[in-house]
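Take each chain as given, in its own frame, and dock them per the hints.
The listed protein sequences derive, respectively, from chains W and A. Note that UniProt numbering has the first sequence beginning at 1, numbered continuously upward. Note that UniProt numbering has the second sequence beginning at 1, numbered continuously upward.
These are calculated hints, taken from the structure and not from any lab test. Be aware that a few hints might be false.
Short, incomplete list of chain A residues facing chain W, as computed with Cβ under 10 Å [to be verified]:
#1 K17
#2 R22
#3 L38
#4 N274
#5 H276
#6 W279
#7 I284
Since the model is a prediction, treat every value here as computed from it, not as a measurement. Just so you know, even glycine gets a beta-carbon here, dropped at the ideal spot from N, CA and C.
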Amino acid sequence: MGQRKRAAIRDSLANQIMDGITLGHQDSPKHNICMVSDFFYPNMGGVESHIYQLSQCLIERGHKVIIVTHAYGNRKGIRYLTNALKVYYLPLQVMYNQSTATTCFHSLPLLRCVFVRERITVVHAHSSFSAMAHDSLFHAKTMGLNTVFTDHSLFGFADVSSVLTNKLLTVSLCDTSHIICVSYTSKENTVLRAALDPEIVSVIPNAVDPTDFTPDPSQRDDSKITIVVISRLVYRKGIDLLGGIIPELCLKYPQLHFLIGGEGPKRIVLEEVREKYQLHDRVRLLGALEHKDVRNVLIQGHIFLNTSLTEAFCMAIVEGASCGLQVVSTRVGGIPEVLPKELITLCEPTVSSLCEGLEMVIARQRAGTVPPPATIHSRVRTLYTWRNVAERTEKVYDRVAKETVQPLHRRLHRLQAHCGPVAGCIFAFIAVLDFLFLLLLQWLVPDSVIDLAVDASGPHALWKRSGNRKHSV
Amino acid sequence: MGADSGPGAPSAVPWRKVLYERQPFPDNYVDRRFLEELRRNVRVRHYRYWGVVREAGLVAQQLSCVAAFLTLWWYMDQSQLSPSTLLMAGLLFALLGYGLYEALGASRGGGRTRLADLQSAAIFLAFTFGFSPVLKTLTESVSTDTVYAMSAMMLLAHLVSFPYAQPSPPGSLSLNAALFASVCLASRLPGALHTFAMLTCALLVFALWPCLLHRLRDRAPWGFPWAAALVSLGSVAGLASLSPGGALLLAVALLTLTLLCPLLLVRLQRHKDNIHGPWDEAEIHEDLSHFLQ
Chain W
1 MGQRKRAAIR DSLANQIMDG ITLGHQDSPK HNICMVSDFF YPNMGGVESH
51 IYQLSQCLIE RGHKVIIVTH AYGNRKGIRY LTNALKVYYL PLQVMYNQST
101 ATTCFHSLPL LRCVFVRERI TVVHAHSSFS AMAHDSLFHA KTMGLNTVFT
151 DHSLFGFADV SSVLTNKLLT VSLCDTSHII CVSYTSKENT VLRAALDPEI
201 VSVIPNAVDP TDFTPDPSQR DDSKITIVVI SRLVYRKGID LLGGIIPELC
251 LKYPQLHFLI GGEGPKRIVL EEVREKYQLH DRVRLLGALE HKDVRNVLIQ
301 GHIFLNTSLT EAFCMAIVEG ASCGLQVVST RVGGIPEVLP KELITLCEPT
351 VSSLCEGLEM VIARQRAGTV PPPATIHSRV RTLYTWRNVA ERTEKVYDRV
401 AKETVQPLHR RLHRLQAHCG PVAGCIFAFI AVLDFLFLLL LQWLVPDSVI
451 DLAVDASGPH ALWKRSGNRK HSV
Chain A
1 MGADSGPGAP SAVPWRKVLY ERQPFPDNYV DRRFLEELRR NVRVRHYRYW
51 GVVREAGLVA QQLSCVAAFL TLWWYMDQSQ LSPSTLLMAG LLFALLGYGL
101 YEALGASRGG GRTRLADLQS AAIFLAFTFG FSPVLKTLTE SVSTDTVYAM
151 SAMMLLAHLV SFPYAQPSPP GSLSLNAALF ASVCLASRLP GALHTFAMLT
201 CALLVFALWP CLLHRLRDRA PWGFPWAAAL VSLGSVAGLA SLSPGGALLL
251 AVALLTLTLL CPLLLVRLQR HKDNIHGPWD EAEIHEDLSH FLQ
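Same shape as in the complex, but just chain A (with noise of 0.2 Å):
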């Protein structure tokens, strides 16, 4: 019975794994039993390489979403862009992108009309161009350098806040980020009608541009990919005509990003070790809440 009566006791009956029973066992007595019903790595996903690069894309895609806002911002601060061109091509690729979304969803679900995204969108382009002067005005008090120190912080919480497993709608906290970014971005500007440019491309790029991503993941799965490519090779080419090593970096960043990361995940995937037992807490599945409804 005792913990110094050695392993060594006889052994005519077989041990069980219960309390209520003296057994003919020391206290500290190792059982063949010990363990077995220890379970491994039970509800582990196996990864393949291909499915986590297609995944892997959006964040890529993310990052240059924000290279090329700040290529074309810094364009526009050199008065290279002016802000009417940037105006049509926004438009234009809105239109597109607008039309690309209806075509994709095939039924209209959540009673929004034509007439409300109308009106949406255009309380929004008024109230923007109302209030650019004041915008513009913002930070003046404010040294420069702050500023960009300020919008450099805030794109990087947008990229890590980012809700990558389901982009639409936007997080609150990584789409209010990336504004913030843009106001003080656009402050910086040379005129009103720059920084109302910037700011709509700000909405495009960030709050638009994610949910017609989402959608095209969704219903037309082939397309994803190219979309996100074609957005990364802009972006890159982009940053290319303004400083190639900076272009370089950010391939180099993409190319981590997208094909470095996920061999390393589906390589260390092997080291996975879940330990599971009767120990464990039992999680509760059911969905108790209709009792209280």
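With the rest of the complex left out, here is chain W (with noise of 0.2 Å):
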């Protein structure tokens, strides 16, 4: 009687789709994404932020968007956000740094239950680090789904361990319908990474929120110089040249002063400096900052100062820019692509370039010729846009539920030819493994007996956001 009744449900709500699809045909066709990583909130960073931003651009657009990521702590089930952005944190063990264990099985049932429930289309996974992103690539193409993935770093190639995650990257990806990259650079490393057709591979940055970052001037003491370093305090974000660049120039301008916001495990290093060099009143470390905080530490700044020795897109130098902040930053990855040259200054990765370049900017800075903040500001808010990522991620998705997924026989052929001989027929048998236990849990458990969830957004959403259509559901 219960299986009737979903029945019916599920035939009214599969009538609406079709509805969906024929109004969609006027403008542009809406889809179901599912957006899967293991970063997301409560945990903070530039993955996360981008899949939230996405997300509420997307809805923006009328595409329904939900969110799939582990549980964090006490925070499990299902949670709604702004906009009635539905996110699932499902029960799946935490590994190592907020990655889920990955067996290439055990996440199948409660993945296939949400992308079933929610009549998902396209799934789009992030971040490389995440196995949770590549256990739904897996599962989506084992089901029959469009897939997407957006990488956000960069990874090297001399090494035992970039290796092996490449070998992993280059399975996970080979039949991936659409990869997305933050940077040129970044679109090259995973082009080689994966062994790619470049083609597949777009490029669309991240962004910015500019009225999270608005100049003030007025927060800034004139009568010295203030340089803004805002980073996870780690090797990686070059820490040690820091280190080596607050006591030669500390030394040379009696009126520069440091501001550091962020924690870790490189915080001793500047400690150390800070201590031998008597510099406690000029050299003030913050500690962690919460990402509202951020936008008040960089206005109180005359200069921004990046010393990263590798990064994809680098977020930080753009929105020191969009507060009016002088920006300089080492020329490593894809950050001489990320701003013009009239905004930042780039520098080689060493003490003395850094300091030579910083010195330029302070002289410029004392003899008053820098731009004032606010047309800074004015150039750098139309660069990155939320909504225009938004647009361009949407065309990929257009793209990407035109083309057919590959059918088992050919995605196993594919599987082989591409990832080498060994790796290829493990992974071939495992897709197969796969495609069983699909079948098994179809026996189990039928689609058609599956509960469809009501959208909470998109075309069908039934908590609208503005009360004017209210009355039409």
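Encoded structure:
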């Protein structure tokens, strides 16, 4: 009885979807998108805010978006965020660095349930460090769904760990429909790592919300020059270089101050430098900052310094420039692509080169030849917007939706041809097992029996953002 | 702008590798300049065959040292070699080696005098001699098979962990593994004097000989291959007197190590494909520690 009722609801919903598709033909088709990543709120970082902002803009454009991540402590089950953005916190075991463990199979029942309940058409996975993202790509392909992957980071080729992870990435991406990278350098890197056809890799940069990062020159003390550094204090962010720059410049310029936000294992280096050169009043370590406090720190400075040793996009320098600061950065990874020459001073990743660059900017700052913060802000505010990112990502979804997902035999062939004789065969075998597991699950709990969730966002959303269409539902 | 605009977009303006400008190309556009900053095999060392053979000689001679030590132990165990003969020979070689070491070392750095050397030697000999009855009975409660297996493992560990690039001073793990194996083996010998002789011999072979060899390689490079060849030949000859089959195996292993493996290394070097580009993590080459001192 219950099953029949469910089937009836399902039929009516299916009709609605058909309506949606026919309606959609008038402007652009609407997708049911599932964002998957291990990294999401309450964790904070570039990937997390990217997923959130992109989802919000896609909802604004009329798509249905849900997010799937793993449970964070007490935060589990289903939560709703702003604009009825639905987030599934799945009970999966976290292994290392907030990334879940993977067995290639154990997440299939849960993910299948989510995909079927939410009538997902496109699975969009984020970050190559997330095991859950790779798992979901694997299962989505087994279930015949379209897949998109966004790579947020750069990786080398020289050591054993990168050889292994690159092999896994090759396997994971070899039959993914489309890949998005955040910069051209990142695209070159991903194409090489996963041996991809560059035609299926799009470059869509990250964005910054310009209204969050507005300048306020009244907050800074113009009797001194303040250099702001905001980053995690880890080796990859070049904190050792910073430890060399601070004494060099502080001895030369008595009115120079450093404001350092962020926490990490390299904090000890900065503390030692501060101790040895007695700079307690001039070098302030603020510790970990919340996202909302970043702007309040940025506007106190004149110069933003970034000493990263590797970076795919670097949102921090855009945030710094958006607050009207002069940006000095190392020339690594995708950083030269991010800001036009007049807004950034690029240096080699050495203490001497960075000091030179900083001294040049300090001289300009003293001479008063730098453009006012408001001018810089107005220049930066239009460069990277989330609306633009969503628009371009939507085009990727449209393209992907037109493609057919490879059937199993073609997929096995592709795995074997593309991933080498050993890894290819192993993963082809795993793909077959995954398919058999899916058949078993479909026999145990047929798709028709699974309850369909009501849409919280998208064309048939029950919760409208504005009240004007409330009566139509 | 979009991914589906197709690659045939108008290209009146050349594509630029920048993100801050909206360019009239689709997002998945692939320019001719794609991957132009890719560099292959930037810091690859080109090996010359005989240079590698020379370095591989060190590995071969270390293996020979282990074989020679085991041969001596076998003769001792069978009582075909008296401990006094071994001690006399050891003393002779030690004096010869010390003389050579001094002759090669132009300047005496580190402030060690001959008296200090003599003192160390005397302390070591006295203690080993005093403790040799204890060492002799050390493994009595352990079965002989276990002792042999343990020694084999330890000698293997010695060979694997030996610091071939910088043999002097011998690495602590490799030296300790070798001495542990020596103590195990020496404790199976018939008498306390045998144990003492065997342990001094182990010290000569595993601790002092690598130091001499290192100095030889530094100061008299022409002599080093000869020394390595002499040790290898000696060990093969010694083993041949025990078991011709074993000697043949050792000879094959030594030839493979010195001639075949370098050939493989040089040949396979062609297939090396290291990729470098702007995505590589920058390396800090400067010494930043002086800021903290």
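Earlier hints that do not hold, by number: none
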